[in-house]
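Number of protein chains: 2
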Amino acid sequence: MSEIQILEVGLRDGFQNEKKQLSLEEKVFFAEQLAKTGLKRIELGSFVSAKWVPQMKDSKELVTHILNKQKQGLLDSQIQFSALVPNQRGLRDALETGIKEIAIFLSSTDSFSQKNINRSRDLAYQAYKELCKKALKEKLKIRAYLSVCFECPFEGKVKAEEVLKWVKKIKDLGVYEISISDTTGKARPQDVNNLLILLLKHIPKEKLACHFHNIHGMALSNAWVAYLRGIRVFDGSLGGLGGCPYSLVHSGNIATESLLYLFKGSQDPIIPKLLTLAKKLQKKFQKKLESPLLHSPYYK
Amino acid sequence: MSEIQILEVGLRDGFQNEKKQLSLEEKVFFAEQLAKTGLKRIELGSFVSAKWVPQMKDSKELVTHILNKQKQGLLDSQIQFSALVPNQRGLRDALETGIKEIAIFLSSTDSFSQKNINRSRDLAYQAYKELCKKALKEKLKIRAYLSVCFECPFEGKVKAEEVLKWVKKIKDLGVYEISISDTTGKARPQDVNNLLILLLKHIPKEKLACHFHNIHGMALSNAWVAYLRGIRVFDGSLGGLGGCPYSLVHSGNIATESLLYLFKGSQDPIIPKLLTLAKKLQKKFQKKLESPLLHSPYYK
Numbered sequence: 000m001s002e003i004q005i006l007e008v009g010l011r012d013g014f015q016n017e018k019k020q021l022s023l024e025e026k027v028f029f030a031e032q033l034a035k036t037g038l039k040r041i042e043l044g045s046f047v048s049a050k051w052v053p054q055m056k057d058s059k060e061l062v063t064h065i066l067n068k069q070k071q072g073l074l075d076s077q078i079q080f081s082a083l084v085p086n087q088r089g090l091r092d093a094l095e096t097g098i099k100e101i102a103i104f105l106s107s108t109d110s111f112s113q114k115n116i117n118r119s120r121d122l123a124y125q126a127y128k129e130l131c132k133k134a135l136k137e138k139l140k141i142r143a144y145l146s147v148c149f150e151c152p153f154e155g156k157v158k159a160e161e162v163l164k165w166v167k168k169i170k171d172l173g174v175y176e177i178s179i180s181d182t183t184g185k186a187r188p189q190d191v192n193n194l195l196i197l198l199l200k201h202i203p204k205e206k207l208a209c210h211f212h213n214i215h216g217m218a219l220s221n222a223w224v225a226y227l228r229g230i231r232v233f234d235g236s237l238g239g240l241g242g243c244p245y246s247l248v249h250s251g252n253i254a255t256e257s258l259l260y261l262f263k264g265s266q267d268p269i270i271p272k273l274l275t276l277a278k279k280l281q282k283k284f285q286k287k288l289e290s291p292l293l294h295s296p297y298y299k
Numbered sequence: 000m001s002e003i004q005i006l007e008v009g010l011r012d013g014f015q016n017e018k019k020q021l022s023l024e025e026k027v028f029f030a031e032q033l034a035k036t037g038l039k040r041i042e043l044g045s046f047v048s049a050k051w052v053p054q055m056k057d058s059k060e061l062v063t064h065i066l067n068k069q070k071q072g073l074l075d076s077q078i079q080f081s082a083l084v085p086n087q088r089g090l091r092d093a094l095e096t097g098i099k100e101i102a103i104f105l106s107s108t109d110s111f112s113q114k115n116i117n118r119s120r121d122l123a124y125q126a127y128k129e130l131c132k133k134a135l136k137e138k139l140k141i142r143a144y145l146s147v148c149f150e151c152p153f154e155g156k157v158k159a160e161e162v163l164k165w166v167k168k169i170k171d172l173g174v175y176e177i178s179i180s181d182t183t184g185k186a187r188p189q190d191v192n193n194l195l196i197l198l199l200k201h202i203p204k205e206k207l208a209c210h211f212h213n214i215h216g217m218a219l220s221n222a223w224v225a226y227l228r229g230i231r232v233f234d235g236s237l238g239g240l241g242g243c244p245y246s247l248v249h250s251g252n253i254a255t256e257s258l259l260y261l262f263k264g265s266q267d268p269i270i271p272k273l274l275t276l277a278k279k280l281q282k283k284f285q286k287k288l289e290s291p292l293l294h295s296p297y298y299k
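Protein chains in written order, with numbering that gives the first Met the number 0: chain H, 0 to 299; chain C, 0 to 299.
Incorrect hints may appear among the rest.
Where chains are identical, the list cannot tell them apart; a pair therefore holds if satisfied intra-copy or between any two copies.
[As the list claims (entries may be wrong)] As a list, the in silico SDA-like pairs of lysine to any residue whose alpha-carbon atoms are at most 20 Å apart:
no., residue 1, residue 2
1, K299, G155
2, K140, E25
3, K286, P296
4, K136, P152
Hints are computed from structural coordinates only; laboratory data are not their basis.
Let the hints inform the model, and build the full structure from the sequences given.
As structure tokens, then:
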């Protein structure tokens, strides 16, 4: 049984969903602190237009800074940093920073694709085809997010066969990992089980990750069922910050510390470090984060 | 595969953990409304001394009122009402109301038993032995709660063998169902799985229920694992109200509506009725309840 891997997405999927924008210095602080917790995979930001997602406007500076620190030996050399890349311009930025891994994102439904990135699934796919070719030539690792794999806020239930079709297409792009996302947090363990049974007939389990939202409280039971099916990579967000602005709710990421509790146990040494950071996030954003461990008397 | 049963414990395990005491009229309102949601098992209160648990002081009046309404055909005749009975005096009260089911409570550890009911497990057991004999003679159904089946706030991890020992002893009292309780909410799916594998070697699955607390966000994944092991009865509390005052935290019950979502799906007709009531509870107690569905934009 291979080890659980957790991809921390708070600096991207968390920050981009907050109205309040942090300064570059604040982002650097959280990125460095996260890199010192012991987490091995961290998504730093998104090389997206500042007009489109202003919270991500200094991702290039942040990535450059963090990679420099890592090169200097000041951050664990084992940490795999990544950033989202929506287009060729983003790829150019990514390459200039020297980052080794990028992430692309597509949707299982057309309506969500239109709302999320303002173009159809097919057009987005075609554009990513070119981009991935170039990225692979530059020896970048590519991860993909596939949104709304269970229910779409605009189209309702998504058929497992439709998800499979897009997973296969995305695999053909040369990505090493596809994160199956429950964007609306509506999936239940039964749904996850059924979808994974189908996907795993066609895709090796090492190529799949899961990205669950906790809007309806189902994320951890879904993660557990995915684990029972052999999935070992899960996306989490420090303190449960963030979610998706196009699924009616600006919250819902599963907290990274919850995933650690589930898979590694209450004594995992990374948990208290994350809680310390999550408390700082609560102050920064002046809001209570939903992460249960943050409010447990056993972690006080 | 038998049907899922949910026991609603909010009127007892919820109300008794709130500082603010509701009036008898308010309790009647919530009890009647709950009985009209479609739920089939409802714990109405506790025949405990008012000195000990003042929130439960009018349980006798509440139970009498509700059973009368049921007799008059104003509430579904299929609903199984129950109430906690701590001692002979409580049993006398129960018999006077004509209630058909009582619940007793014991702990897997001595320290918790001392803190919770001020006597050792053995003494409590001996007293319940007499009580159960009398109750069975009176044709009452008896349910038992077994507290701290995973971790005790005072003694730490509880051995599965110890839990088994007490489950067996409790079964010998003639109870028809034993609710395995994760009082501190520290259990993980692995723990639940391991304990149930052991228990089910000795106890028929129909005799077991599960009572999970969500303090660490694990309750639904634990419920799902218990379901996979054959458990079909789960305790929940409207809105997630309540928990246990002796486990360091006054909250943590899993919301009944979350259990319905998990087992029956987002469209279950009972869910919106529970959410309407839970919103009223929030107003009554002037606090935000943790139940995720209460805060989901998909239920607005």
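Hint by hint, here is what the structure shows:
no.: 1; hint: K299 x G155; in the structure: between (41 Å within a copy, 16 Å between copies)
no.: 2; hint: K140 x E25; in the structure: neither (28 Å within a copy, 61 Å between copies)
no.: 3; hint: K286 x P296; in the structure: both (19 Å within a copy, 18 Å between copies)
no.: 4; hint: K136 x P152; in the structure: neither (36 Å within a copy, 56 Å between copies)
Going through the hint list in order, the structure does not satisfy hints 2, 4.
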